[in-house]
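J.: One letter stands for each residue in the lines below.
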Amino acid sequence: MKKPAKPRRAIPQPKIVAPVGLKPPPAHPPRRLATTDDLVKLQRLMTNILVRPLTKTDGLQPTWIDGRPMTEVAEEFIKPNDRLSAFERLQLYNRMYWFRLIDIMHDDNPGLRAVVGDKKFTRLIEAYLAKYPSRSFTLRNLCSRLAQFIREEPRWTAPHTSLAQAVARFEWAQTLAFDEAKLPVLTADDIGKTSPERLRLRLQPYLSLLTFDYPVDTYVVAVKQRNALRTEASNAVDSARDAVRQKHVTRPRRERVYVGVHRLDNRLYYKRLERPAFLILQALAEGQPLAEAITAGGRRVKAAQVGSWFSIWMELGWLCLKK
Amino acid sequence: MPANSFNGQTDYGIGIGLRVPHYAHILEKKPVVDWFEIISENFMVDGGRPLEVLDEIMEQYRVVQHGVSMYFGSADKPDRAHLKKLKALVKRTKTPWLSDHLCWGSVDGTYTHDLLPMPYTFASAKRTAEKIRQIRDFLEIPICVENVSSYAEFHVSEMTEWEFLTEVVERADCGILLDVNNIYVSAKNHDFNPYDYINGVPHHRVGQMHVAGHTKFEKYILDTHDHPVLDPVWKLYAHATKLCGVTATLLEWDDKIPSFDEVHNEALKANEFIDGAKAAKTVKAKAKSPEATRA
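Taken in sequence, the protein lines are chains A and B.
Numbering-wise (the working numbering), the first sequence opens with residue 1083 and increments by one.
Numbering-wise (the working numbering), the second sequence opens with residue 159 and increments by one.
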């Protein structure tokens, strides 16, 4: 007997929300453009239209926020030509906006995509960008609020919200590790000049200290290896390619881990940390003097252990003088 | 014009865009290339691999900065933090000039990351020119503004695109990065003659040119930068070169990027048209010379 199919959880559609940071559009576009204020109104109107999520069929939303047909709104400020209506011309820009940004976020978040699946990932990104459109001149910062959004609106990633948020934090940390500044590293001389009670250190800006309830680092590495295998197989015959495509990376089970995401010789690395080591580094990052920070590791930590951690961290160039 | 105040009095030849898939080839093989255009935003970072690659490239090659997010036409004031980062990069690269687009793409600090068309009005030209002057004064470097390809026009426009470009660059006293592919794309999308555009801009202000490939759809053309340059664009380029003189030229290839050699060979096709323009100029000059008149 055939098993009854499981009811499929519907993927929620992004609601049309007011984008954070973008002022509301004018009721109508300016009839003539005589001042900078008129220019602002026109640009505000068009931006509010472009950042609206596409319809299910990747089109411009048919109704504007005031209930008028979008065709009418478009005709008020965009010229048609003999091949395209004002609506269709605006739709080209609306599509390009979404397709471009979704593509970029798709590439930047292979781990998150693997957690929620491609379809759900696209919905998540649409909902995220609808609420938090870019506030930076560089696309590099596009994912900066993604983990926060996942926490605020868990329905897009349910039932894997906790893992999804962890992976989003991890993938954003990789962006930081890739191109954040490198400060002069701490030397033995620096340590000798100040007593441990007064010596304050800081961590390299490219280093992120993260705690997770999942072994996110090994999970993302496995996903990337699978994706690399897919790429390798791209010239293979179809059957082999399908076999690779079907390979699924199992979502990890809960496990508390402490990770440093950093770079060395301009390559990205993830380093697992023991809990006391993590706590000491965190205390240093918070600005505690060296002697006090070491106590954050707990009473059981032996001096030799702390010494060996510090020598590794100095070798990795993680520590800097706080000035 | 080969060398003018808008391109820092340089006489650069044919360059290509520096793109990630070609890094390894360039750094290992060190091919002969006259210059590379870099996307400023890709290197406006505080450290890491991007700056390491840039420094290695600069040991061997000349680079020119090209931006995609200054949005001269946005009504917003220039962002100081953005400008400071850009200036730091300008100091690092020693770019002789800097280019960005005659477009807008942000409002109220929200960025679309697109190159959106301007309303062609006198008020927006005035505002845009003021902004270009402010940015140039801050960066202390010549600026060339690039015409964009567009898919929409505004009812409020009061002039043609090339009249608007002229109005802006004359008011700002800046240069033009003439993108002949963008002119072709917009001409097809808005039904104007691309030769009228090229004839109509102030040729002495052209400091650089762009060529690229595009994609034709049933009702419009998209500026996709994923193909070789098409013949009508090369013809426009030849015409522009006759009028403006042999100018620093760059091929843009940003998607479905083929091998370095394929991209570079495509760019070097510009030489045929440059030679043609030079030959035409020589014939014209001979015809005008007193000896030719006497003969």
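Hints in this document: simulated from the structure, not taken from any laboratory.
One or more hints might be untrue.
What the hints assert, rightly or not - In the EDC-like style, the derived pairs of lysine to aspartate or glutamate whose C-alpha atoms are separated by at most 16 Å in a straight line are:
id, chain 1, residue 1, chain 2, residue 2
1, A, 1353, A, 1368
2, A, 1264, B, 354
3, B, 414, A, 1208
4, A, 1202, A, 1170
5, B, 284, B, 214
6, A, 1105, B, 234
7, B, 377, B, 420
8, B, 284, B, 217
9, B, 346, A, 1164
10, B, 235, A, 1337
11, B, 377, A, 1262
12, B, 188, B, 217
13, B, 249, B, 204
14, B, 243, A, 1208
15, A, 1201, A, 1164
16, B, 393, B, 420
17, B, 252, B, 214
18, B, 284, A, 1235
19, A, 1404, A, 1356
20, A, 1405, A, 1368
21, B, 252, B, 288
22, B, 188, B, 204
23, A, 1161, B, 349
24, A, 1105, B, 204
25, B, 245, B, 204
26, B, 187, B, 204
27, A, 1213, A, 1189
28, A, 1264, B, 424
29, A, 1264, A, 1279
30, B, 187, B, 354
31, B, 400, B, 354
32, B, 377, A, 1234
33, A, 1138, A, 1190
34, A, 1264, A, 1119
35, B, 249, B, 213
36, A, 1161, B, 217
37, B, 235, B, 316
38, B, 374, B, 354
39, B, 284, B, 316
Bear in mind that the values here come from a model prediction, so they are computed numbers and not experimental data.
J.: Against each hint, give a clear statement of whether it holds in the structure.
T.: Here's how the hints hold up against the structure:
Straight-line distance between C-alpha atoms of residue 1353 (chain A) and residue 1368 (chain A) comes to about 20 Å, which puts the hinted pair past the 16 Å bound. For the hint pairing residue 1264 (chain A) with residue 354 (chain B), the CA-to-CA distance comes to about 52 Å; that exceeds 16 Å, so the pair is violated. Only pairs whose Cα atoms come within 16 Å are accepted, and residue 414 (chain B) paired with residue 1208 (chain A) is rejected, the gap being roughly 25 Å. Between residue 1202 (chain A) and residue 1170 (chain A), the direct Cα distance comes to roughly 27 Å. Violation of the 16 Å bound is thereby established for this hinted pair.
Simply put, residue 284 (chain B) and residue 214 (chain B) have alpha-carbon atoms about 41 Å apart, too far for the 16 Å limit, and the pair is violated. With a CA separation close to 13 Å, the supplied pair residue 1105 (chain A) and residue 234 (chain B) stays within the 16 Å bound. At most 16 Å may separate the alpha-carbon atoms for a hinted pair to count; residue 377 (chain B) and residue 420 (chain B) exceed this at roughly 30 Å. The hinted pair formed by residue 284 (chain B) and residue 217 (chain B) fails the criterion: a straight-line CA distance of about 40 Å is larger than 16 Å.
Taking the CA atoms of residue 346 (chain B) and residue 1164 (chain A), the gap is about 12 Å. The hint holds against a cut of 16 Å. Among the hinted pairs, residue 235 (chain B) with residue 1337 (chain A) is inconsistent with the structure: their alpha-carbon atoms are about 49 Å apart, more than 16 Å. Restraint check: the Cα-Cα separation between residue 377 (chain B) and residue 1262 (chain A) comes to about 44 Å, which exceeds 16 Å; the hinted pair is violated. Among the hinted pairs, residue 188 (chain B) with residue 217 (chain B) is consistent with the structure: their alpha-carbon atoms are about 11 Å apart, no more than 16 Å.
A threshold of 16 Å between alpha carbons decides the hint, and for residue 249 (chain B) with residue 204 (chain B) the separation of about 14 Å falls inside it, so the pair holds. Our distance criterion of 16 Å between C-alpha atoms is broken by residue 243 (chain B) and residue 1208 (chain A), whose separation comes to about 30 Å. As the CA atoms of residue 1201 (chain A) and residue 1164 (chain A) are separated by approximately 36 Å, the hinted pair breaks the 16 Å bound. A distance of roughly 21 Å separates the Cα atoms of residue 393 (chain B) and residue 420 (chain B); the hinted pair therefore is violated under the 16 Å criterion.
Taken as a hint, the residue 252 (chain B) and residue 214 (chain B) pair is honoured in the structure, with Cα atoms around 14 Å apart against an allowance of 16 Å. At most 16 Å may separate the alpha-carbon atoms for a hinted pair to count; residue 284 (chain B) and residue 1235 (chain A) exceed this at roughly 44 Å. Proposed proximity of residue 1404 (chain A) and residue 1356 (chain A) is contradicted: the alpha carbons are some 24 Å apart, above 16 Å. Of the supplied pair hints, the one linking residue 1405 (chain A) and residue 1368 (chain A) holds, its CA atoms being roughly 14 Å apart against a limit of 16 Å.
At most 16 Å may separate the alpha-carbon atoms for a hinted pair to count; residue 252 (chain B) and residue 288 (chain B) exceed this at roughly 24 Å. Of the pairs offered as hints, the one joining residue 188 (chain B) and residue 204 (chain B) is violated, with about 26 Å between alpha carbons and a cut-off of 16 Å exceeded. Note on residue 1161 (chain A) and residue 349 (chain B): the hinted pairing holds, with a Cα-Cα distance of about 13 Å set against a maximum of 16 Å. For the hint pairing residue 1105 (chain A) with residue 204 (chain B), the CA-to-CA distance comes to about 31 Å; that exceeds 16 Å, so the pair is violated.
Of the supplied pair hints, the one linking residue 245 (chain B) and residue 204 (chain B) holds, its CA atoms being roughly 13 Å apart against a limit of 16 Å. Straight-line distance between C-alpha atoms of residue 187 (chain B) and residue 204 (chain B) comes to about 28 Å, which puts the hinted pair past the 16 Å bound. Distance check on the hinted pair: residue 1213 (chain A) and residue 1189 (chain A) sit about 21 Å apart at the alpha-carbon level, beyond 16 Å; violated. For the given pair, residue 1264 (chain A) sits about 39 Å from residue 424 (chain B) by alpha-carbon distance, which is inconsistent with the 16 Å threshold.
Our distance criterion of 16 Å between C-alpha atoms is broken by residue 1264 (chain A) and residue 1279 (chain A), whose separation comes to about 26 Å. Annotation: proposed proximity of residue 187 (chain B) to residue 354 (chain B) is violated, straight-line Cα distance about 43 Å (limit 16 Å). Note on residue 400 (chain B) and residue 354 (chain B): the hinted pairing holds, with a Cα-Cα distance of about 14 Å set against a maximum of 16 Å. Distance hint between residue 377 (chain B) and residue 1234 (chain A) is unfulfilled; the C-alpha atoms sit about 42 Å from each other, more than 16 Å.
Taking the CA atoms of residue 1138 (chain A) and residue 1190 (chain A), the gap is about 24 Å. The hint is violated against a cut of 16 Å. Note on residue 1264 (chain A) and residue 1119 (chain A): the hinted pairing is violated, with a Cα-Cα distance of about 42 Å set against a maximum of 16 Å. This hinted pair checks out: residue 249 (chain B) and residue 213 (chain B) have alpha carbons roughly 12 Å apart, not beyond 16 Å. Simply put, residue 1161 (chain A) and residue 217 (chain B) have alpha-carbon atoms about 49 Å apart, too far for the 16 Å limit, and the pair is violated.
For the suggested pair residue 235 (chain B) and residue 316 (chain B), the alpha carbons sit about 24 Å apart, so the restraint of at most 16 Å is broken. The suggested pairing of residue 374 (chain B) with residue 354 (chain B) is violated, with an alpha-carbon distance near 22 Å, which exceeds 16 Å. With a CA separation close to 13 Å, the supplied pair residue 284 (chain B) and residue 316 (chain B) stays within the 16 Å bound.
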